[in-house]
Amino acid sequence: MKQVGSRGIFSIGSRLQRLKRDSNRWSIFTLAIILFIALPIISIAIKLCDGPGETWGHVVDHLLLDYIGNSLFLVFFCGILVLLLGVSSAWFVARYEFPFRKQMEWLLILPLAIPSYIVAYTYAGIFDYGGTLDLILRVLDLEFIRVDIMNKTGLAFILGISLFPYVYLSARAFFINQANNLLEASTMLGVGEVKTFFKLMLPLARPAIIAGLILVLMEVLNDYGAAKYYGVNTFTTGIFRSWFSLEEPDTAVYLSALLIVIVFALILFEKWQRRNVEVSSSKSNNHRIHRKRGSKGMQVSILCFVLIPVALGFFIPVLQLIYWTFLTAGKVFDMDFIMLSVQSFGIAIISALITVFFAVLLIYFAKWSMLSFFKNIAKMGILGYAIPGAVIAIGVMIPTLAFDKWLIHFLDDWFNIHTGLLINGTLVALVYAYSVRFLAVAYNPIESTSLKVHSTIPDSSKVLGVGNLKTFFKIEFPLIKAGIFSALILVFIDVLKELPLTLILKPFHINTMAVKAYQYASDEMVMEAAIPSLFIIFTAAIPVIFLNKLLIRK
Amino acid sequence: MLKINSLSKSFDRGKTFALKDVSFELEKANVCAIVGESGSGKTTLVRLISGLERPDHGSIELDGKTISSLRKIIPPEKRKIGLVFQEYALFPHLTILENILYGVSKQKNKKERAKEVLELVGLTSLEKRYPHQLSGGQQQRVALARALAPNPSLLILDEPFSNLDAMLRMQLRNQVFEIIKKTGVTALFVTHDTQDALSVADEILILQEGEVIQKDGAANLYTKPNSVYVASLFGNTIQLTNTLQEAFQCPLNIDCCHAIRNENFNINTECEYISHATVIKKTFLGETVQLLLKLDNGEQLSVVTKEKNVAERIRIGFDSKDVLEF
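Chain order of the listed sequences is A and B. Residues 923 to 1476 in the working numbering are what the first sequence spells out, letter by letter. Residues 947 to 1272 in the working numbering are what the second sequence spells out, letter by letter.
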């Protein structure tokens, strides 16, 4: 009898009955937010059905191979460079004691504070005729060596030195927190350091390293400013070209769709390579890694070695910018610049608040929905971070334009009011796009702090007769404040640095620091780009240092 | 009164059941202990009754009102059930007083109620402190006070003493159940410790792999367990196999399964069924000694006795009234 009973419990009929019983308003709200976040991607998918534009054939015949070839080239060589720089510096910082090791720990993250297009401008300036290198060599009375950096090899180098910290961070976290037991076992077996590293540590750290690498590759595919400045045709510059120069939105949509496919392939690959991670990083209570102290000579050579990526990715670009600032400060720093900083900070603050708001809603609505599969659905909302900014911008363009057109007709027909575009080309569309792109940036720190609050805490509030919303404000919010705060800061910085999406969607009369720097650089006034660039870098650097502490503890 | 009717819950769409077809009733003002090993579905049962989890099948009635069925679910905040969690789950950013008053609705006289409950658990002097400033036992009593403050129709305690050390545990167990008896609230009490259950519960419900296998009063469960499993939960039990029966020359009904509790073996005294045995090994356990015996028909048997000085050859036996039959 029990057999029959238990089969009946999972018949379609009673499943539907339970679905009806357990779906509540929170389930509907969760779905609504997901749809809102996914709208740009859905729009691109729908727009694909319209067929390719007139120039698509031309793009396929003459440009697509170039786009694919260049993007692959960048992915490959930049990938190798970030692995070399990131993994080696992570290993040295984690495993060895040397002078200034603590400082190196966070200095190695600082390149993330500089957007890669700004690194690109500075290196172009250094290697230019009459550039910094030329000046220095002339002072030393040496022959000028001409290095042409403004090509795809140079671009791979630039992206590599500015993005390697992603790999450094994930590899270091593994070495510090999860490697010690095996490392000691290997030492006890009498295996040397070099063999231990290549035979044991590298294979074990692989999933962590690749996870960092995938983040780098997404940033490579997202880059617009550096590629544009160096004259390299990539998918992103292709999307810009077909949208602005060729005025061929359908082609831009097709390119975007292709790029989305590539990005999702990367994500799937990352998930696949992680499938056995649970087994390899066993739950054993690993002590934090025990550091080795080598001879004085070895310590100094390690210090010099890890200084290379820091110098390339941070000190050299910043010094170049400071030098340029001295040359141009009088010209750039005026009332307009103060207005610009107010606008830029204002947009970043508003976007951070709204993005964090959506992230909190998504996390908690999915919790409050009694349908367990909603938690997985909510996770889909954070995929926006993987999608290049230019693609999201196109995806936001399509539905907002359509909605505006409808609204204009509607207002005209029914109320006889004549208006222009109300959403497209305004801050609303821009902030919307930011929150789609950076939802994950807000979601992750909030989720991880909310997981630290044991589920019995909100549960006991509910059992004591207090509903979901009130429980959130009285119990959960005070306990996850720190996570919300770091989410706000992280989104704020990302918005401040963001370029391609902002270029496409920003209102005509409004500028951000990033856009201003880009405009100076494209108007052959790259020196003037220094002040807005330094502004971005110093704003971003403070929390990067602060973040280092968080990341080690994790 | 709590009435549970054929409650089922699966976390993997019916492949395995955390709880399978569980039905029982609990009279008002009674204390019922739910006993089971970890993974037997105790916590799932608690979460279904309190509404934190949703059942796949079955219904729950509290004081004549259906609070959970296939059609309708009353959310946890409207069930008037008090729940004391294993890890207490006190709100870390609120004082003891704020914690206790959290679930008390506005219209009532809050201050008076707080005083009442604080007196009940004996923590009046600590009301301004924060949870982390309290000892484990004090936190436990705050959790109890917080659950009792809104006058719940049913109080559930989920493994309330498992985070405490043995000494404190006994002391607190008696305190807590004195308080519960004083308030006269109907209580469900989840534990894996049969000592806890035997000492305080009016009734005990045994769960095994998500199914109820026996529900009875404490004394009955001990003397008339309905399976070897239940018998062994309440103390060391030895199954009387055919060869053992031969050794003791006790003819028992072959259609049934028989067992005897370790404590009912008598050494060197007159009994109905007797066998001679050689002591192979003595293990000193403190208060008792464990003996590994070789009976005369070659069968080995391990018993625990308080007798410290036993000879190498002994006589061992038991009486028919102590034989458990299933």
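Hints listed in this document are in silico derivations from the structure and should not be mistaken for laboratory results. As the structure is a computational prediction, the values presented were derived from the model and not from experiment. Among the hints, erroneous ones may be present.
[Claimed, not checked] Pairs of lysine-lysine, BS3-like flavour, derived with a Cα cap of 27 angstroms:
{"hint": "1", "chain 1": "B", "residue 1": "961", "chain 2": "A", "residue 2": "1396"}
{"hint": "2", "chain 1": "A", "residue 1": "1392", "chain 2": "B", "residue 2": "949"}
{"hint": "3", "chain 1": "A", "residue 1": "1301", "chain 2": "B", "residue 2": "1024"}
{"hint": "4", "chain 1": "B", "residue 1": "1056", "chain 2": "A", "residue 2": "942"}
{"hint": "5", "chain 1": "A", "residue 1": "942", "chain 2": "B", "residue 2": "1074"}
{"hint": "6", "chain 1": "B", "residue 1": "1018", "chain 2": "A", "residue 2": "1289"}
{"hint": "7", "chain 1": "A", "residue 1": "1392", "chain 2": "A", "residue 2": "1403"}
{"hint": "8", "chain 1": "A", "residue 1": "942", "chain 2": "B", "residue 2": "1057"}
{"hint": "9", "chain 1": "B", "residue 1": "1018", "chain 2": "A", "residue 2": "942"}
{"hint": "10", "chain 1": "A", "residue 1": "1403", "chain 2": "B", "residue 2": "1011"}
{"hint": "11", "chain 1": "B", "residue 1": "1024", "chain 2": "A", "residue 2": "942"}
{"hint": "12", "chain 1": "B", "residue 1": "961", "chain 2": "A", "residue 2": "1289"}
{"hint": "13", "chain 1": "B", "residue 1": "1057", "chain 2": "A", "residue 2": "1374"}
{"hint": "14", "chain 1": "B", "residue 1": "961", "chain 2": "A", "residue 2": "942"}
{"hint": "15", "chain 1": "B", "residue 1": "1024", "chain 2": "A", "residue 2": "1392"}
{"hint": "16", "chain 1": "A", "residue 1": "1297", "chain 2": "B", "residue 2": "1024"}
{"hint": "17", "chain 1": "B", "residue 1": "1024", "chain 2": "A", "residue 2": "1396"}
{"hint": "18", "chain 1": "A", "residue 1": "1392", "chain 2": "B", "residue 2": "1057"}
{"hint": "19", "chain 1": "B", "residue 1": "1228", "chain 2": "A", "residue 2": "1392"}
{"hint": "20", "chain 1": "A", "residue 1": "1024", "chain 2": "A", "residue 2": "1297"}
{"hint": "21", "chain 1": "A", "residue 1": "1297", "chain 2": "B", "residue 2": "1018"}
[As the list claims (entries may be wrong)] Label pairs and their calculated CB-CB ranges:
{"hint": "22", "chain 1": "B", "residue 1": "959", "chain 2": "A", "residue 2": "1117", "range": "30 to 38 angstroms"}
{"hint": "23", "chain 1": "A", "residue 1": "1116", "chain 2": "B", "residue 2": "1038", "range": "32 to 40 angstroms"}
{"hint": "24", "chain 1": "B", "residue 1": "1114", "chain 2": "A", "residue 2": "1125", "range": "57 to 65 angstroms"}
{"hint": "25", "chain 1": "A", "residue 1": "1117", "chain 2": "B", "residue 2": "1044", "range": "56 to 64 angstroms"}
{"hint": "26", "chain 1": "A", "residue 1": "954", "chain 2": "B", "residue 2": "985", "range": "37 to 45 angstroms"}
{"hint": "27", "chain 1": "B", "residue 1": "1209", "chain 2": "A", "residue 2": "1196", "range": "48 to 56 angstroms"}
{"hint": "28", "chain 1": "A", "residue 1": "1376", "chain 2": "B", "residue 2": "959", "range": "50 to 58 angstroms"}
All C-beta atoms in this analysis are idealised placements derived from N, C-alpha and C, irrespective of residue type, glycine included.
Subject >> Hint check against the structure, violated hint numbers in rising order >> reply: 1, 2, 3, 4, 5, 8, 10, 13, 19, 20, 22, 23, 24, 28
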